[in-house]
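K.L.:
Got chain X; can you put chain C with the ligands on it based on the hints?
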Amino acid sequence: MLSTRSPDELFAAARDGNRRALGRLLTMVERRDDNAGLVAERAHRDAGHARVVGITGAPGTGKSTITGRLAVVSGGDRPAVLAIDPSSPLTGGAILGDRIRMDDHVSGSAFIRSMATRGHAGGLAAAVPDAIRVLDAAGCDPVIVETVGVGQVEVSIAAAADTTVVVVTPGWGDAVQANKAGLLEVADVFAVNKADRPDARGARRDLELMLDLGHRGGWRAPVVLTTANRGEGIEELWAEIERHTAHLRESDELLRRRGRRHRDEVVNRIELGLRGRARQIIESRSGAAALGRVDRREISPGAAADMLLNSLTGGAGPES
Amino acid sequence: MEPANGDVLPTVAGELPIRVVLAKLGLDGHDRGLKVVARTLRDAGLEVVYLGLRQTADSIVAACEQEDADVIGLSMHNAGHLTLAPRMVQAVEKAGLDIPVVIGGIVPTGDVPVLRAAGVAAVLGPGASAEEVVSAVTEAVARRVTR
Ligand SMILES: Nc1nc2c(ncn2[C@@H]2O[C@H](COP(=O)(O)OP(=O)(O)OP(=O)(O)O)[C@@H](O)[C@H]2O)c(=O)[nH]1
Ligand SMILES: [Mg+2]
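Chains as they are written, first to last, in my numbering: chain X, 1 to 320; chain C, 321 to 467.
It should be emphasised that the hints constitute simulated quantities derived from the structure, not laboratory data.
All clues stand as given, with none of them false.
Some chain X residues near chain C, calculated using beta-carbon distances under 8 Å:
1. Arg31
2. Gly97
3. Ile100
Restraint-style ranges between C-beta atoms, simulated for each label pair:
4. X:Asp16 to C:Ala462: 31 to 37 Å
5. C:Ala437 to X:Ser6: 35 to 41 Å
6. C:Arg359 to X:Arg257: 38 to 44 Å
All C-beta atoms, glycine included, are put in the ideal place defined by N, C-alpha and C.
This is chain X alone, in the form it adopts within the complex:
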C-alpha cells in the first residue's frame, strides 16, 4: 500500500518514474502531514537541477495552453507542470481547470499537478517551493509553474521561478493591468499571446516602449508573439526561456536569485512560525494575565506585547 511507504521509498519510486509515488509526495508537502518536514528535507537536498519556469498573467490569457505546449517543445524527458488556481475564499473549495487546455497537447507526456491556493493561508508561498523541489528532486525537468497574476502573493510565486514568463494579450488594457499588478517587474520574457487577434504588434510595441523606460540589470525581457492554440511562436518562446537560463548561469545570477529566494523562504517561514507562537502565547496563562493587566490599564498594549515577545524569543526561543 502506497500510503504506508516512507518518503525515501516514495522518492526512489518517483525517480524511477512512478507517478503515483510522486503524486503522493506532493500531497505530503501540500497538506503538511507528519511526513512533510522529512519530504521537504529530502527534496531540498536533491533539488536544484531542473529548469524552473513560471508562467503568469491575467485570467484567460492562454497560460495553460502555452504551458502545455512548452512542456512538449522543451525536449525534457520528464516535464512537469504545477498549475495553481485560486480557491473560493468563502467555501475553501476550488475548480482546478488548467488540465483541460494542457492535456490536448501534452497527451500524457508531462506530469501535471493542480494546486489550490487554499489550505495554505500565508503558507502558499511555502508549499509551492516545496512542491517545485519535490518535482525537481524526482528528476522532472523542466518544472513549469502556472499562476494567475492577480495579487501580490501570486506575483511572488511567479517570482519563485528561475525564469518568469508574463503572458499578455493584444489590447492596451492588459499591458496596463500587467503594469499595475507589478508583473512587468517580474517578467524575464513576455509572451503576447492570441497573436491571431488584431493589433498583436501594437501590444508588442507598447511593451517595448515600457521596457525602454528601464529594465533591470544586464537583461532586457524579449517580447515574443504567440498563438498558443495553434502552437505558433512556442518554439521561439522556449528559445528565449533557454537564452534567459543561459544568461542566469553565465552571470552567476542564478545562484544569486536562488540565494535570495532561499532567504525569502526562510524569512517567510520564521514569520509563519512566529505568528503561530504568538497565537499560542496569547492564549496561554501569561498571555491572559498580560491582557488582564492591559484591561485594568496597568500596562499599555505595547508593553504587554514587549513582555510576551520577550518570553517568546527568550524562554521559548527557536532552540528550545
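P.N.:
Coordinates of chain C with the ligands only, in the frame set by chain X:
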C-alpha cells in the same frame, strides 16, 4: 509538539478538502451539466480537478495518479454506461488505486443495481439535488477502506 526537521509550519491535516477528479467519459456532447456539478462541489468546499469532455478510462486514471485524487466523478449521457462504467472501475483497480467512482447522468433505474454490482460507489440520476451530489461524493470517500 516539536515539529519534525525544524519545520515551523503548522500541520493542516484533518481539515483537508476532498480532491475529486471530474470528467465526462466517451464522445458525447457538451459539458454544461458537468460544469454545474463542478460548481456545486466547489461550493461545498471540495477541490475539483476538472478534466471535461472526451476522457478515457486511461486518461482519468493518469490524472488521478498525478493529482492524488480521493474520488472520481463521471458524467454519462449516452447508452454506453453499462460497458464504460465497469471499465472505469476496472481501470482504477488495475492501476492499484483505491478510488471510488461516482456516476451521474441519465441512467435507467434498472441499470443502477448492475452498476453497483460492478463496483460503482454511487449512481446519481439527472434530478439529483446539490445535497445529494455532495453527499454521494463525500460518503463514497468516507467509505473507503484505506488511505
Ligand atoms: N484566439 C486564440 N485563443 C487562444 C490562444 N491561446 C489560448 N486561447 C484560448 O483562450 C482560452 C483560455 O486559454 P487558457 O490556456 O485556459 O488560459 P489561462 O490563462 O490558462 O486561463 P486561466 O487559467 O483560467 O486564467 C481557451 O479557450 C484557449 O483555447 C490563442 O493564441 N489565440
Ligand atoms: Mg490556466
